[in-house]
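There are 4 protein chains.
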Amino acid sequence: MKFGIVGYKGRMGNEVKLLFEEKGHEFVWGYDKDGEYFSQTPELIIDFSLPEVLEKTIEFVKNFKVPLIIGTTGLSEEQLQSLKLLSQEIPIVQSYNFSIGIQLFLKVVDLLKEYIDGWDIEIVEAHHRFKKDKPSGTAKMIKECLEKEVPISSLRLGNVPGDHILYLANLGEVLTISHRALSRRAFADGVYKSANFILNKENGFYIFEDVMFEN
Amino acid sequence: MKFGIVGYKGRMGNEVKLLFEEKGHEFVWGYDKDGEYFSQTPELIIDFSLPEVLEKTIEFVKNFKVPLIIGTTGLSEEQLQSLKLLSQEIPIVQSYNFSIGIQLFLKVVDLLKEYIDGWDIEIVEAHHRFKKDKPSGTAKMIKECLEKEVPISSLRLGNVPGDHILYLANLGEVLTISHRALSRRAFADGVYKSANFILNKENGFYIFEDVMFEN
Amino acid sequence: MKFGIVGYKGRMGNEVKLLFEEKGHEFVWGYDKDGEYFSQTPELIIDFSLPEVLEKTIEFVKNFKVPLIIGTTGLSEEQLQSLKLLSQEIPIVQSYNFSIGIQLFLKVVDLLKEYIDGWDIEIVEAHHRFKKDKPSGTAKMIKECLEKEVPISSLRLGNVPGDHILYLANLGEVLTISHRALSRRAFADGVYKSANFILNKENGFYIFEDVMFEN
Amino acid sequence: MKFGIVGYKGRMGNEVKLLFEEKGHEFVWGYDKDGEYFSQTPELIIDFSLPEVLEKTIEFVKNFKVPLIIGTTGLSEEQLQSLKLLSQEIPIVQSYNFSIGIQLFLKVVDLLKEYIDGWDIEIVEAHHRFKKDKPSGTAKMIKECLEKEVPISSLRLGNVPGDHILYLANLGEVLTISHRALSRRAFADGVYKSANFILNKENGFYIFEDVMFEN
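Just so you know, the sequences run in chain order A, B, C and D. All residue numbers for the first sequence refer to the UniProt record's numbering, where the first residue is 1 and numbers rise by one. All residue numbers for the second sequence refer to the UniProt record's numbering, where the first residue is 1 and numbers rise by one. All residue numbers for the third sequence refer to the UniProt record's numbering, where the first residue is 1 and numbers rise by one. All residue numbers for the fourth sequence refer to the UniProt record's numbering, where the first residue is 1 and numbers rise by one.
Do not take every clue at face value.
Said to hold, decoys possible - Pulled a few chain A residues facing chain B out of the computed Cβ check, cut under 8 Å:
1. ILE100
2. GLY101
3. LEU112
4. GLY172
5. THR176
6. ARG180
7. ARG185
8. ALA186
9. MET212
To be verified - Derived DEER-like restraints, expressed as beta-carbon distance ranges:
10. GLU22/D <-> LEU18/C: 55 to 65 Å
11. SER76/C <-> ASP117/D: 52 to 62 Å
12. GLU36/A <-> SER76/D: 51 to 61 Å
13. LEU111/A <-> SER183/D: 32 to 42 Å
Just so you know, the hints here were simulated from the structure itself, not pulled from any lab data. If you're wondering where the values come from, they're calculated on a predicted model, not measured in any experiment. Positions of the beta carbon are idealized from the N, C-alpha and C atoms, including for glycine.
When you get a sec, could you build the whole thing from the sequences and use the hints?
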């Protein structure tokens with residue numbers, strides 16, 4: 001496919017570009033703070049930039065009339081609304097976390113939660129020392145998915161990209177689900193999956209869970 | 001409930017007895033190599049003994065007309081057939097592994113297997129140094145469930161009751177499912193779950209997976 | 001060797017008895033709340049009982065004139081003093097924790113602590129849900145050994161006998177030391193090691209660290 | 001300090017450059033396949049390049065009369081000899097693995113090995129799917145350090161930079177040492193440590209173990 005990226009010089013944009021190229025696809029259009037790069041019309045646009053760029057992204061997408069995958073974080077409620085409006089004209093995948101493994105983790109939690117009445121549950125997350133929030137957003141997602149009060153222990157360790165562990169124990173055994181992110185590559189893979197999902201979809205607003213689990 | 005146990009003096013039979021009593025139930029009947037113990041008619045019978053005792057167990061169960069939970073290992077094909085025949089008269093739960101956690105593990109594998117095309121998969125199992133077979137039967141069950149050629153690494157370590165780890169990795173992340181048995185208690189819990197399942201069931205032959213996941 | 005046990009019917013006393021017998025040694029004398037068992041004079045006495053029994057133990061040991069290994073917990077300062085006095089007449093090993101692995105763990109921490117300036121350190125301990133104190137005494141020992149303020153996360157999980165994990169991380173790597181107790185057997189092994197240590201020792205008061213690391 | 005790098009555009013050279021600059025030091029000289037960069041005379045030279053460049057490096061170091069830290073892999077026996085000869089004129093640190101954590105790991109193994117007679121030992125290593133050799137060189141170093149026949153299980157998982165786990169188990173407990181590399185940063189830290197070590201050293205040939213553990 002021929003793809004375009006808003007924020008193609010950023011860390012995540014660049015990671016996505018490299019992965020798509022590795023898979024044999026062609027980077028034909030890009031936009032970054034120092035301007036536009038154009039060689040051909042893209043078949044879809046991926047946006048990993050900043051909330052203030054969204055208006056520009058919407059403009060581009062409308063011109064090209066192509067699907068959008070957007071992973072920009074920190075969008076306002078109005079911005080999400082304008083994306084939903086836009087999704088009447090083109091198919092959109094929006095998510096704050098494109099990790100396939102975390103989606104699978106949550107799916108597993110969703111499966112297990114009805115069988116663990118009376119079990120002890122503990123969540124542990126480990127992240128690099130520079131992370132300021134405690135606990136991590138993903139740990140909170142796991143807890144919400146369990147629909148229970150669950151203690152979360154947060155470890156801050158060197159440069160660890162992100163570990164999440166869920167312990168489930170009855171009196172005879174311990175079942176553990178854990179996820180370890182190795183790099184931004186984990187998220188680029190999820191974007192690639194989304195690209196294959198969105199290309200022939202009808203207009204509409206999709207989330208990454210749809211990409212993973214819908215048919 | 002009032003329960004009876006064939007093999008109530010054995011290690012597993014005793015563990016079951018203790019757990020049921022802890023939950024407030026009453027041991028009213030037992031059979032072991034030195035004879036029969038009778039105080040009242042049981043509402044169900046649990047058998048953790050030896051294949052050569054099966055005939056006796058069938059006789060008891062027919063007399064009492066109560067459900068049977070049987071975890072005796074090493075039954076012959078004929079013995080399993082005679083249990084199936086018996087299940088036309090009473091409800092039976094039969095399994096070689098009553099661990100709830102392992103059932104959940106397999107359920108998780110079954111869920112995940114359709115999302116991990118192209119991922120690397122590794123199974124590691126650790127057991128006490130006295131275990132003679134390699135890899136463990138449970139590791140083989142996990143592999144079969146994956147329906148793929150998966151390497152299994154077997155560690156033999158001191159007195160470890162039984163660990164199983166499944167690693168799933170794409171290029172950006174590692175998802176891990178692991179199970180650690182602490183003691184025979186893990187299996188007694190599964191027997192207790194089976195007891196609650198079987199008490200009001202229609203005649204039929206059930207396996208532990210039915211107990212866990214059927215309605 | 002011919003050994004005696006104070007508290008031989010208790011959980012720990014019985015574990016010690018079984019292990020020593022397995023190693024080919026002979027249980028020749030015992031004392032428990034229902035009285036004394038005597039077949040021969042022991043070559044050493046092991047005490048895993050209660051503080052209120054200590055006076056009786058001292059009396060026995062003086063009569064037999066044999067070494068003492070004592071693992072009774074909760075001794076008062078006076079009781080420890082009377083043991084030290086007694087150690088002028090016979091050799092004594094006293095400890096609240098006879099786990100060989102934990103001693104090795106602490107030895108490792110002692111080695112590592114001078115190389116980890118600027119590293120992030122986290123301790124995690126997991127124990128059964130019935131444990132009331134948080135964090136565990138062993139986790140506190142690890143922290144003290146590090147001579148630093150280190151966060152300790154305590155997980156309460158089913159029936160886990162006792163896990164301790166020490167994470168050490170700089171910006172490029174994570175080094176982890178962990179210990180997992182499987183059963184009381186871990187402690188019985190340490191008592192056995194102490195028995196071999198004490199048999200030909202001069203009078204004196206020894207701790208388990210001496211058994212492990214002195215020549 | 002003012003430092004120079006042979007191979008400063010390579011992945012490892014660049015990582016070293018970034019780390020030293022982050023610590024406030026100045027990159028004043030460099031050499032790479034497209035030529036020399038010179039702004040000032042360096043106080044020491046670091047070489048992470050290729051064996052065929054060694055002759056050039058020796059020439060530079062002799063001219064500048066400054067210490068050398070060399071991490072180039074695949075040096076021939078003759079090349080190591082010529083470095084030893086050179087070390088009569090300048091101090092040199094040479095190593096194929098500048099990971100501080102792995103050095104500590106080996107130190108720990110060296111400490112533990114005399115206390116684990118009769119224990120079960122297992123080594124597990126996990127690396128990315130592109131790694132061709134099995135087992136890893138580091139796993140072999142751990143095994144050699146133990147001076148015993150120890151089974152090594154090798155897992156090949158996605159993009160894992162490198163995990164090493166050593167399990168030690170007696171019948172009551174499991175002691176585990178594990179190391180997880182997060183990135184090349186782990187090695188750059190070791191180079192930095194070597195730089196501080198070498199600056200005021202006498203002429204001589206040092207290895208990374210000297211840097212870590214000598215006074």
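The hints, checked one at a time:
1. ILE100: With a minimum Cβ separation of about 7 Å from chain B (threshold 8 Å), the hint on ILE100/A holds.
2. GLY101: holds, 4 Å
3. LEU112: Check passed: Cβ of LEU112/A comes within 6 Å of chain B, closer than 8 Å.
4. GLY172: Constraint on GLY172/A satisfied, holds at 3 Å.
5. THR176: Holds, about 5 Å.
6. ARG180: It holds, given that the least Cβ distance between ARG180/A and chain B is near 5 Å, below 8 Å.
7. ARG185: holds, 3 Å
8. ALA186: holds, 3 Å
9. MET212: Holds, about 7 Å.
10. GLU22/D <-> LEU18/C: 55 to 65 Å: The hint (55 to 65 Å, Cβ to Cβ) holds, given that GLU22/D and LEU18/C are roughly 58 Å apart.
11. SER76/C <-> ASP117/D: 52 to 62 Å: violated, 37 Å
12. GLU36/A <-> SER76/D: 51 to 61 Å: Holds: the Cβ-Cβ distance is about 52 Å, inside 51 to 61 Å.
13. LEU111/A <-> SER183/D: 32 to 42 Å: holds, 34 Å
The structure fails hint 11 only (numbered hints given earlier).
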